[in-house]
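Student: Spelled out from the first residue to the last, the chains are:
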Amino acid sequence: MKAVPSAAAEEMDGLLRVKNLRINFNSNGRTVEAVRGVSFTMGREKLAIVGESGSGKSLTARSFLKLVQPIATVTAERLEFRNIDILRQTEKEMRRIRGSRITMVMQDPRYSLNPVIKVGDQVAGAARLHQRISRGEARKKAMQMLNSVHIRDPERVYELYPHEVSGGMGQRVMLAIMLITDPEILIADEATSALDVTVQLQVLSILDEQVRMRGMGLLFISHDLNLVQRFCERIIVMRRGEIVETVAAADLRKSTHPYTRGLLESAPRIGGPRTDLPVLNRAEG
Amino acid sequence: MMTPAPPSHRSHAYWLLDPDPKSELQARLGSLYRQWLILRRNPLAAMGLTVLGLLVALAILAPLIAGYSPIEQDFTARLAPPSVHHFFGTDEFGRDIFSRVIYGTRITLVIVLVVVAIAGPLGLIVGCAAGYFGGLIDTVMMRITDIFLAFPRLVLALALVTALGPGIINAVLAIALTGWPPYARVARSEALVIRNTDYIKAARLSGCSHARIVLGHILPICLTSTIVRVALDMSGIILIAAGLGFLGLGAQPPSPEWGAMVASGRQFAFQQWWVSAMPGLAIFVVSLGFNLLGDGLRDALDPRRR
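Taken in sequence, the protein lines are chains X and L. Under our numbering, the first residue of the first sequence is numbered 1, with each subsequent residue one higher. Under our numbering, the first residue of the second sequence is numbered 1, with each subsequent residue one higher.
Where hints are given, some of them may not hold.
[Claimed, not checked] Capping the alpha-carbon separation at 30 angstroms, the derived lysine-lysine pairs in DSSO-like fashion look like this:
1) X/Lys141 <-> X/Lys92
2) L/Lys201 <-> X/Lys92
3) X/Lys140 <-> X/Lys92
4) L/Lys201 <-> X/Lys19
5) X/Lys254 <-> L/Lys201
6) L/Lys22 <-> X/Lys118
7) X/Lys92 <-> L/Lys22
8) L/Lys201 <-> X/Lys141
9) X/Lys141 <-> L/Lys22
10) X/Lys118 <-> X/Lys92
11) L/Lys22 <-> X/Lys66
12) X/Lys19 <-> X/Lys254
13) X/Lys140 <-> L/Lys201
None of these hints come from the bench; they were simulated from the model.
Using the sequences provided together with the hints, build the complete structure.
Tutor: Here you go:
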């Protein structure tokens with residue numbers, strides 16, 4: 001296992017710096033604090049955010065793209081991507097970052113691909129959206145990209161519609177769409193949760209290969225602790241909009257924080273005792 | 001593809017209906033052929049298609065079929081009854097009604113096509129934008145749509161033409177401007193569903209602008225239901241065009257517009273019935289044809305009705 005970079009080294013290499021990020025939802029005069037003072041720095045690494053449903057992990061990631069619902073207000077002392085102050089960017093400036101420098105893969109490929117456009121054209125379209133290239137060049141680039149996410153017959157797959165590809169292949173196409181612009185950060189929001197276990201491993205190995213080859217940062221959002229421990233380098237555990245702790249993946253099992261321990265113990269293990277699983281103690285504090 | 005020839009005497013149908021198509025072209029043609037079979041199984045729809053085919057053929061071949069000029073007057077043959085020389089008789093200026101009806105197909109077809117070409121895209125864009133953006137934009141656009149829908153279509157078209165001045169171009173404009181609201185409604189209801197799907201979120205995530213999402217992602221999906229709606233509306237367009245012509249607000253004399261021809265024959269309706277009846281019959285047959293075809297198209301295109 002690699003050594004965890006020191007805080008000083010992170011500061012130097014920081015792709016993304018977040019300090020005291022707060023996201024509030026205001027509706028009907030009530031204010032709900034969904035993210036409460038999240039701070040971390042992310043470099044060219046595989047960083048995981050884990051937490052229960054509603055812990056604010058997806059919302060945190062979406063705020064980096066400035067794509068939260070209009071009723072939410074985002075404030076932060078600092079929200080910087082490579083010295084770009086995200087909160088100060090206009091919508092037009094954000095469009096040049098979204099899908100080009102920071103991209104995001106969503107959970108289920110069956111719903112995240114447009115059903116009436118050929119998958120190859122969707123890959124080529126992503127390239128044409130951000131780069132000045134001709135239709136033919138985009139097509140060639142899309143073919144290469146499909147090839148590099150281990151689709152064996154890109155010429156055939158290019159012409160397929162989303163309903164004609166399997167879940168695993170769909171997610172690989174999604175990866176191709178999000179990687180064709182050479183992003184610096186890829187956010188994977190539960191990107192493998194909708195796939196079955198064997199396909200999950202395939203997609204993860206492709207993801208790993210691409211991240212290492214391109215030297216980009218990966219923000220991996222998940223609730224699968226075992227998977228995250230094997231796949232990522234550093235893990236942020238979130239709860240109720242706050243960061244509970246940040247640990248190196250190798251040290252996750254050694255964590256002494258009661259919440260992290262609770263999460264670990266509530267997951268079943270093969271060969272473990274067949275008694276009732278412990279339930280998280282959700283009491284305040 | 002060198003597959004062994006299927007043991008069928010109708011090999012083209014066999015190839016088209018192959019459940020395991022070898023190429024995308026074959027699959028597409030097969031799907032079209034299946035839709036055609038559904039259309040053909042419905043005799044009324046086939047009749048509608050025949051009428052429409054005949055209409056197009058007549059419009060293109062008008063000078064060959066007509067035999068007389070549609071506007072040249074011949075006062076020696078005023079109000080002649082239907083005969084071998086004048087199949088549909090002649091009108092008060094001695095013009096051959098058969099020739100005028102034939103040339104009138106051109107006007108009718110052009111009106112229908114131009115109205116559809118204006119009202120279809122307009123309704124589609126308004127509906128998709130309203131459904132996608134929601135909120136204030138949706139409210140404003142849909143209330144405007146409601147205002148248009150609150151008036152009977154012919155009355156609104158009448159008011160518009162009166163304001164713009166009579167003439168065929170203004171009539172077409174008026175019909176198009178009163179025709180888009182139903183399409184906007186149809187498109188909006190579909191866009192409302194599509195806006196919340198993950199692939200629209202994914203499009204936003206990959207940096208698409210709102211305009212690109214509406215035109216490139218939402219509009220193509222709303223297209224099918226709008227096409228069916230437009231097909232069902234075509235006979236209505238013909239009737240309104242004829243209605244405007246009848247009231248003297250559409251095509252101006254001497255152009256052989258069917259509605260105007262019916263109007264000119266009013267004064268002789270009891271003695272020389274053919275002056276009004278023949279163009280009236282044409283309007284009836286053509287709008288019935290469009291209606292039957294629209295019903296057939298709906299059955300063939302809409303998978304829910306199979």
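Student: Does each hint hold? Answer for all of them.
Tutor: Going down the list of hints, with the structure as the test:
1. X/Lys141 <-> X/Lys92: holds, 26 angstroms
2. L/Lys201 <-> X/Lys92: Satisfied, since the Cα-Cα distance of roughly 17 angstroms is no more than 30 angstroms.
3. X/Lys140 <-> X/Lys92: holds, 28 angstroms
4. L/Lys201 <-> X/Lys19: holds, 26 angstroms
5. X/Lys254 <-> L/Lys201: Between X/Lys254 and L/Lys201 the Cα gap is close to 38 angstroms, so the pair fails against 30 angstroms, i.e. violated.
6. L/Lys22 <-> X/Lys118: Roughly 18 angstroms between the alpha carbons, so the hint for L/Lys22 and X/Lys118 holds.
7. X/Lys92 <-> L/Lys22: violated, 45 angstroms
8. L/Lys201 <-> X/Lys141: holds, 24 angstroms
9. X/Lys141 <-> L/Lys22: holds, 27 angstroms
10. X/Lys118 <-> X/Lys92: holds, 27 angstroms
11. L/Lys22 <-> X/Lys66: Violated - the C-alpha atoms of X/Lys66 and L/Lys22 are around 46 angstroms apart, more than 30 angstroms.
12. X/Lys19 <-> X/Lys254: holds, 27 angstroms
13. X/Lys140 <-> L/Lys201: holds, 26 angstroms
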